[in-house]
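Trainee: Below, each chain spelled out in residue letters.
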Amino acid sequence: MLIAATLAILVVMGMAIIRGVMGPTLYDRILAVNMFGTKTVLLISLLGFVMGRPEFLDIAIVYALINFVSVIGVLHYSEYSELKSGPDRIEQPRKDS
Amino acid sequence: MDSVIEFSSALCLLIGSFLCLSGGVGILRFPDFYTRMHAVGVTDTLVAAMILIGLMLLRPENLVLVKLVMILLMTLFINPTASHALAKAALHSGLLPLLHRRDKEKGAESSNPW
Numbered sequence: 637m638l639i640a641a642t643l644a645i646l647v648v649m650g651m652a653i654i655r656g657v658m659g660p661t662l663y664d665r666i667l668a669v670n671m672f673g674t675k676t677v678l679l680i681s682l683l684g685f686v687m688g689r690p691e692f693l694d695i696a697i698v699y700a701l702i703n704f705v706s707v708i709g710v711l712h713y714s715e716y717s718e719l720k721s722g723p724d725r726i727e728q729p730r731k732d733s
Numbered sequence: 028m029d030s031v032i033e034f035s036s037a038l039c040l041l042i043g044s045f046l047c048l049s050g051g052v053g054i055l056r057f058p059d060f061y062t063r064m065h066a067v068g069v070t071d072t073l074v075a076a077m078i079l080i081g082l083m084l085l086r087p088e089n090l091v092l093v094k095l096v097m098i099l100l101m102t103l104f105i106n107p108t109a110s111h112a113l114a115k116a117a118l119h120s121g122l123l124p125l126l127h128r129r130d131k132e133k134g135a136e137s138s139n140p141w
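Note that the protein sequences, when read in sequence, are chains A and B. One point on numbering: in our numbering, the residue at position 1 of the first sequence is 637, and numbering is uninterrupted. One point on numbering: in our numbering, the residue at position 42 of the second sequence is 69, and numbering is uninterrupted.
Honestly, I wouldn't trust all of these hints.
Said to hold, decoys possible - The calculated lysine to any residue pairs, modelled on SDA-like cross-linking and capped at a C-alpha distance of 25 Å, are:
no., chain 1, residue 1, chain 2, residue 2
1, B, K115, A, R665
2, B, K115, A, A640
3, B, K115, A, P660
4, B, K115, B, L126
5, B, K115, A, G688
6, B, K115, A, M658
7, B, K115, A, I653
8, B, K115, B, H65
9, B, K115, A, I702
10, B, K115, A, G709
11, B, K115, A, I680
Since the hints were made in silico from the structure, they are not lab data.
Pulled out of the complex, with its shape left as it was, chain A reads as follows (with noise of 0.2 Å):
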């Protein structure tokens, strides 16, 4: 079952690179930044007692921390900066559906 979970973690990051990739605004662009980080501290917590070392648990908490800092720190620097005016700044994405 633990190998269950990680191969479903794993599939779901490839979907939120997939999202990040062609995100069609920012915004969704740091969201699946988010959504990965999130499941990079589940992947790394499941790995260690896949291998039976839950010393990993340390660095896995360290992630927690990193991955809140940075994701408020890009919100900060496009809330307040000038990119926000980039290449895909709010261009309405699509009209249909």
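Fit chain B to the known structure of chain A by using the hints.
Mentor: Chain B only, in chain A's frame:
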């Protein structure tokens, strides 16, 4: 007793994997940034809780348990905060939700929903 604990751990991991996959499908298929954020934000906290509780049931050593509880608490605090900040930044930068956007295209006098 042992088998009961193992079974409930496997059940928690299974529910976590299912919710994880549904969040992944949601981030790919939903039409709008805000709906995508709903899918990710709602499933992420429950996925982390379920998988970490499944791991806690597996290994009753004290130090490992404390670390798992710390990761769970951190996730429960961090995920909603990041989601809120993301939604606020997107809304302030002028990204409209899909329904509001359609009203504007039709030229109707759109009622402001917030």
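Trainee: Hint by hint, note whether the structure agrees.
Mentor: Verification of the hints:
1. K115/B to R665/A: holds, 15 Å
2. K115/B to A640/A: Distance ~36 Å between K115/B and A640/A Cα, so the pair is violated.
3. K115/B to P660/A: Given pair K115/B, P660/A holds - Cα atoms ~18 Å apart, limit 25 Å.
4. K115/B to L126/B: holds, 18 Å
5. K115/B to G688/A: violated, 41 Å
6. K115/B to M658/A: holds, 22 Å
7. K115/B to I653/A: Holds - the C-alpha atoms of I653/A and K115/B are around 23 Å apart, at most 25 Å.
8. K115/B to H65/B: holds, 13 Å
9. K115/B to I702/A: Cα-Cα ~21 Å, so holds.
10. K115/B to G709/A: holds, 14 Å
11. K115/B to I680/A: violated, 30 Å
Violation of the numbered hints given earlier is confined to hints 2, 5, 11; the remaining hints are satisfied by the structure.
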